[in-house]
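Asks: Fit chains L and G to the given chain S structure using the hints.
Here's the letter readout for the chains.
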Amino acid sequence: MPCETAQLELASSGRGFIEISRQLHSSVNACGISNGLCHVFLRHTSASLLISENADPDVLSDLEHFMSQLVPDGDPAYLHRMEGPDDMPAHIRSVLTCSELTLPIRQGRLALGTWQGVYLWEHRVRPHKRRIELTLVGSA
Amino acid sequence: MPCETAQLELASSGRGFIEISRQLHSSVNACGISNGLCHVFLRHTSASLLISENADPDVLSDLEHFMSQLVPDGDPAYLHRMEGPDDMPAHIRSVLTCSELTLPIRQGRLALGTWQGVYLWEHRVRPHKRRIELTLVGSA
Amino acid sequence: MPCETAQLELASSGRGFIEISRQLHSSVNACGISNGLCHVFLRHTSASLLISENADPDVLSDLEHFMSQLVPDGDPAYLHRMEGPDDMPAHIRSVLTCSELTLPIRQGRLALGTWQGVYLWEHRVRPHKRRIELTLVGSA
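Chains as they are written, first to last, in this note's numbering: chain S, 26 to 165; chain L, 26 to 165; chain G, 26 to 165.
Since the hints were derived computationally from the structure, they do not count as laboratory data.
Treat the hints with caution; some may be incorrect.
Identical chains share a label here; the pair holds if one copy fits it or two copies do between them.
[Claimed, not checked] Derived pair list, reagent style SDA-like, types lysine to any residue, alpha-carbon separation capped at 25 Å:
1) Lys154 - Ala102
2) Lys154 - Ala136
3) Lys154 - Trp140
4) Lys154 - Ala165
5) Lys154 - Pro27
6) Lys154 - Arg131
7) Lys154 - Pro110
8) Lys154 - Gly57
9) Lys154 - Glu89
10) Lys154 - Pro101
11) Lys154 - Arg68
Since the model is a prediction, treat every value here as computed from it, not as a measurement.
This is chain S alone, in the form it adopts within the complex:
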């Protein structure tokens, strides 16, 4: 059973969403695995990986609005403040969502549902470089 690896490097422009579905589809198409799994791992604790509705951009806006209300920036209760008012909220957002995802591969393709897109959710206000490790396992 093959095991292939790949890396993605993303440059976020600050808080918001970057769709990575296309890059994941490409890696799966290139890996030569017919049926199996594609594991996506974010090497950071202040951003998330997200599966979300890919048709109406308002869904992402509402997600961001919801999270900014639930986990306010600059809450005076935070002890961890030295990296700015958005850093501890970024860690909490990361814990409430996902740092890693496993997705099915079927007949050489990523088997997402029709309305599912995969996103990097940057939680820090300033731009950051983000590294993702892909691991693809299955039958050839």
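Replies: Relative to chain S, chains L and G alone:
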């Protein structure tokens, strides 16, 4: 190393929980894998997969109550409203929980803890058809 | 493709965090897998697995404080109360975070980001024994 696949189709009767542990146990028993992993993937963004306490049904009621308070239906702040007052909350609930789970296989059986059950959590108010992709990998 | 398994047994001293990165690194180093995945599964519904910032202990304190505000102990709305005022909150905390994690293995080592540590988050107030199943798959 074998890689087996299966599909589950579920018909929810609206918001609430459907235990799928039995179907998962059956698929694992049938797949011929001794030690490995069973990956469960929900192809939707308005329902979740859940590992929860399987003994007292009040736990599920309390989970639903908690989530309905945290993510209110019909919040006027939502921009995404065209699919009904329960649709954006369903997407948020999905993001706060899980769309996919990986479970260990040991000696040909799903190795859940004694009190762990696996559930589909339907977040939409009306009934929906839900598709789940299973991927089983490991040693024979 | 090899598939190795291992178990961790942890004794929590009540609500709080236990870093398990070292045990995971040891299991990966010992398993003989070069590139692949390390799956970590917690067999309980009242504790979580967590990837978090590993440098400033205030981050963990802030996470605990945030969660204790979001999911209050002893809320009179809970129906499930027979196991104590911290039991239903523990189940909710578990659902809002993770019971299982998959981590990449690269060149025989766990490929966490520089600032990522892996923790058991005990949600019950009293000490508990916790069992974790490790499954390691990949290429030798």
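Asks: Next step is simple, just say for each hint if it's right about the structure.
Replies: Tested hints:
{"no.": "1", "hint": "Lys154 - Ala102", "result": "neither (28 Å within a copy, 31 Å between copies)"}
{"no.": "2", "hint": "Lys154 - Ala136", "result": "between (28 Å within a copy, 17 Å between copies)"}
{"no.": "3", "hint": "Lys154 - Trp140", "result": "between (27 Å within a copy, 14 Å between copies)"}
{"no.": "4", "hint": "Lys154 - Ala165", "result": "neither (33 Å within a copy, 31 Å between copies)"}
{"no.": "5", "hint": "Lys154 - Pro27", "result": "neither (30 Å within a copy, 34 Å between copies)"}
{"no.": "6", "hint": "Lys154 - Arg131", "result": "between (31 Å within a copy, 21 Å between copies)"}
{"no.": "7", "hint": "Lys154 - Pro110", "result": "within (19 Å within a copy, 37 Å between copies)"}
{"no.": "8", "hint": "Lys154 - Gly57", "result": "neither (29 Å within a copy, 32 Å between copies)"}
{"no.": "9", "hint": "Lys154 - Glu89", "result": "within (20 Å within a copy, 28 Å between copies)"}
{"no.": "10", "hint": "Lys154 - Pro101", "result": "neither (28 Å within a copy, 35 Å between copies)"}
{"no.": "11", "hint": "Lys154 - Arg68", "result": "within (11 Å within a copy, 29 Å between copies)"}
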